[in-house]
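Here is what each chain is made of, one letter per residue.
2 protein chains.
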Amino acid sequence: MTYKHNFNPTLSDEDLFNEIVEEKKHIGYYNLVNQDTTAFKEYALSVKQKNIVVIGIGGSTLGTYAIYKFLKHSKMLTKQLYFLETTDPIDIKSKVEQIDLSDTLFVVISKSGTTIETVSIFKYIYSLVTLDKNNTLIITENDSKLNAYAKIHDIKTFEIPKDVGGRFSVFSAVGLVPLAIVGIDIDALIKGTKEIHDAFFRSDNDREIYTRLLKKARFLTEYKNSFNINVVFSYSSRLEGFNKWYIQLWGESLGKIDINSTRQGLTPIGIIGPIDQHSFLQLIVEGKRDKSVTVIKVDDFYSDLKIPATKLEGLEELDYINNVEFSSLINTQADSTIECIHNLGDIPCDVITIDGVSEKAIASLMYEYELLTSLCGKFMYINAYDQPGVESGKIILKEKLKNI
Amino acid sequence: MTYKHNFNPTLSDEDLFNEIVEEKKHIGYYNLVNQDTTAFKEYALSVKQKNIVVIGIGGSTLGTYAIYKFLKHSKMLTKQLYFLETTDPIDIKSKVEQIDLSDTLFVVISKSGTTIETVSIFKYIYSLVTLDKNNTLIITENDSKLNAYAKIHDIKTFEIPKDVGGRFSVFSAVGLVPLAIVGIDIDALIKGTKEIHDAFFRSDNDREIYTRLLKKARFLTEYKNSFNINVVFSYSSRLEGFNKWYIQLWGESLGKIDINSTRQGLTPIGIIGPIDQHSFLQLIVEGKRDKSVTVIKVDDFYSDLKIPATKLEGLEELDYINNVEFSSLINTQADSTIECIHNLGDIPCDVITIDGVSEKAIASLMYEYELLTSLCGKFMYINAYDQPGVESGKIILKEKLKNI
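Here the protein sequences come in this chain order: A and B.
Under this note's numbering, the first residue of the first sequence is numbered 372, with each subsequent residue one higher.
Under this note's numbering, the first residue of the second sequence is numbered 372, with each subsequent residue one higher.
Mixed in with the good hints, there may be bad ones.
Identical copies go unnamed one by one, so any copy, or any two together, can satisfy a pair.
As the list claims (entries may be wrong) - Here are the computed lysine-lysine pairs in the BS3-like style, where the Cα-Cα straight-line distance is at most 30 Å:
{"no.": "1", "residue 1": "522", "residue 2": "419"}
{"no.": "2", "residue 1": "419", "residue 2": "464"}
{"no.": "3", "residue 1": "677", "residue 2": "659"}
{"no.": "4", "residue 1": "731", "residue 2": "668"}
{"no.": "5", "residue 1": "677", "residue 2": "375"}
{"no.": "6", "residue 1": "668", "residue 2": "440"}
{"no.": "7", "residue 1": "396", "residue 2": "443"}
{"no.": "8", "residue 1": "527", "residue 2": "771"}
{"no.": "9", "residue 1": "749", "residue 2": "527"}
Derived from the structure by calculation, the hints contain no laboratory data.
Note that this is a predicted model, so its numbers are computed, not measured.
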């Protein structure tokens with residue numbers, strides 16, 4: 372008798388950890404925590420322009436936007452950051468009209484160097500203002516055609532390492548350079564990622580983060596057929612960019628065909644509290660039990676903005692909100708949603724509370740999500756770092772455009 | 372022998388239509404297509420302030436934002452529209468700082484009149500600038516406590532009809548008054564809704580819209596367990612507000628417990644092309660077959676913005692995009708995604724092409740989605756117009772706040 376199988380065994384904690392340690396040798400994002408940022412910071416200090424326009428899409432912009440959106444109103448930033456991402460003509464025109472192009476640094480970011488949206492917008496901007504070494508920076512792979520262009524025109528470049536995928540690239544030059552230019556403390560970002568990295572990979576007994584992430588990844592993948600939707604419910608409008616970044620990271624990394632040709636994937640949804648209490652919460656509470664929920668809270672908004680005790684005749688029944696700080700209100704709204712979900716008893720729910728509106732806090736959160744995504748990928752027996760499913764659309768597009 | 376059952380029979384087309392006609396007698400949104408907008412337009416003309424700030428959340432803002440976002444860069448609007456929705460202190464502060472409050476009309480919108488976010492922000496704004504009949508407008512139900520407040524202070528009000536639910540209220544005073552003030556043609560909006568209404572409810576042989584919506588609603592509800600996620604893939608950044616409005620409409624209307632105590636619900640996701648080709652498309656293509664996809668295209672962007680034939684040395688392989696209009700590029704990107712999905716053969720997909728960036732087009736689209744939501748509600752044997760699931764969270768919140 373012989374026996375063969377193609378089962379995907381459930382990985383033990385130890386096996387999984389060993390696989391991640393092995394993967395770390397050739398998947399570059401893990402190790403960005405130890406990079407030297409001196410060149411990024413020196414370049415940032417040399418930038419004279421007031422406006423920074425990133426031309427890029429997907430992994431070239433989402434992470435940068437997430438961090439910028441989170442911090443921009445809490446830091447004294449000296450420059451404005453804009454993103455030109457889409458081919459929507461009205462969007463391009465309305466954005467360009469509000470920017471003084473003569474006082475702008477254009478940061479063209481494309482890993483492959485031939486992203487169609489990015490090159491299209493690059494060409495359009497070039498028709499409005501000369502793009503040369505004085506107002507252009509290019510961030511791409513070392514051997515891309517965009518890099519060749521930069522070399523010909525003596526345009527400054529930073530490299531996207533080959534082994535760092537687009538959606539895992541926020542803590543490479545892709546995110547760090549534009550963020551450093553506008554005045555974000557990129558060393559504090561790296562510190563935030565390194566804390567999580569070191570805590571995850573330590574081998575002594577204090578393995579809280581490792582245990583927590585492993586448990587979560589195991590749960591989400593083992594119950595992926597019951598709970599095929601993962602809702603991130605972020606209680607701060609500052610996390611809107613993070614939600615979008617998470618959707619790309621989760622969707623594009625895990626939506627894959629596994630080694631047995633079985634379709635895998637967990638569907639990410641990002642919502643914002645309290646706004647989406649008035650939009651999506653009803654569905655979570657009374658709808659089908661197909662969702663897990665992760666609530667993200669911000670412990671300290673560094674704000675003492677308060678609801679004043681204004682007397683509104685007829686509305687006295689709401690006077691219990693008088694003198695409550697808005698930060699306290701929004702966090703109490705989060706707690707009420709958590710308690711409501713907890714009381715239902717049959718919705719998987721976890722709560723992440725980040726320390727505050729700071730570089731370190733957002734970077735730690737994002738690095739933790741990158742690790743979680745890698746762990747889920749391992750449990751699903753998929754490659755979390757490619758995106759073969761979008762290639763056929765690109766080929767169709769090229770054919771259609773050639774025939775216009 | 373006796374026989375009893377609690378089956379929910381699949382409704383015949385005729386039964387369903389009769390139920391909708393019956394429902395139309397007491398669900399008000401259907402009939403907003405015939406309202407007289409004279410009072411809204413007269414009031415709009417009388418507004419002198421340059422800035423309009425809507426204070427509201429959920430159904431009080433999402434529809435207005437959807438239409439404003441869609442049209443604002445294509446119309447010559449004379450006033451700026453802002454929304455104060457959330458209790459996030461950084462969001463409130465940063466928005467308020469950019470507005471000249473002394474040249475602002477505040478439009479306070481709350482159906483119940485006691486929405487906690489709305490009253491909190493109202494109180495806060497009142498501490499910055501006196502709110503009285505000269506700079507305040509209130510839109511609420513006639514017997515709400517907010518209405519009582521307005522009466523005491525002689526503040527102008529418009530009514531939200533009792534039989535029009537918040538998320539179905541965009542074509543009532545809730546949406547029409549702020550939109551009229553900033554210069555949107557609200558009669559063209561109403562015309563857009565009326566065309567769909569009349570086409571749907573006509574009884575002769577030309578029932579294209581009725582047949583189409585019925586078929587779609589029947590499919591989505593019959594296959595709700597296989598395809599529990601409905602993705603709206605809108606190919607224009609102008610439709611970002613529409614996507615958010617759709618998510619509330621769909622999620623909050625259909626996420627319900629049916630007459631047999633069974634959980635119903637279809638999960639709405641809104642994504643934007645081409646941006647989310649770089650984020651979510653991989654999951655659609657290779658992930659689990661749990662999604663239907665509706666692609667929305669804009670036929671005419673009224674833009675001739677073109678990709679110039681800029682020569683980029685090294686990037687000549689992309690010269691096939693030279694001289695292509697951006698509107699043509701984005702629509703070709705949509706067509707490529709549609710073809711890619713079609714080629715896969717096992718993803719339910721439909722395509723809506725709206726005429727252009729106009730009042731009539733967006734209003735028709737939104738009214739059609741309202742009808743579709745009502746039809747799905749009927750097929751699911753639920754009440755699409757209430758939201759009982761969010762009440763318990765509100766009670767918990769009140770208790771917690773009283774104990775702060």
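Which constraints among the numbered hints does this structure fail? Numbers only, ascending. 3, 5, 7, 8 and 9
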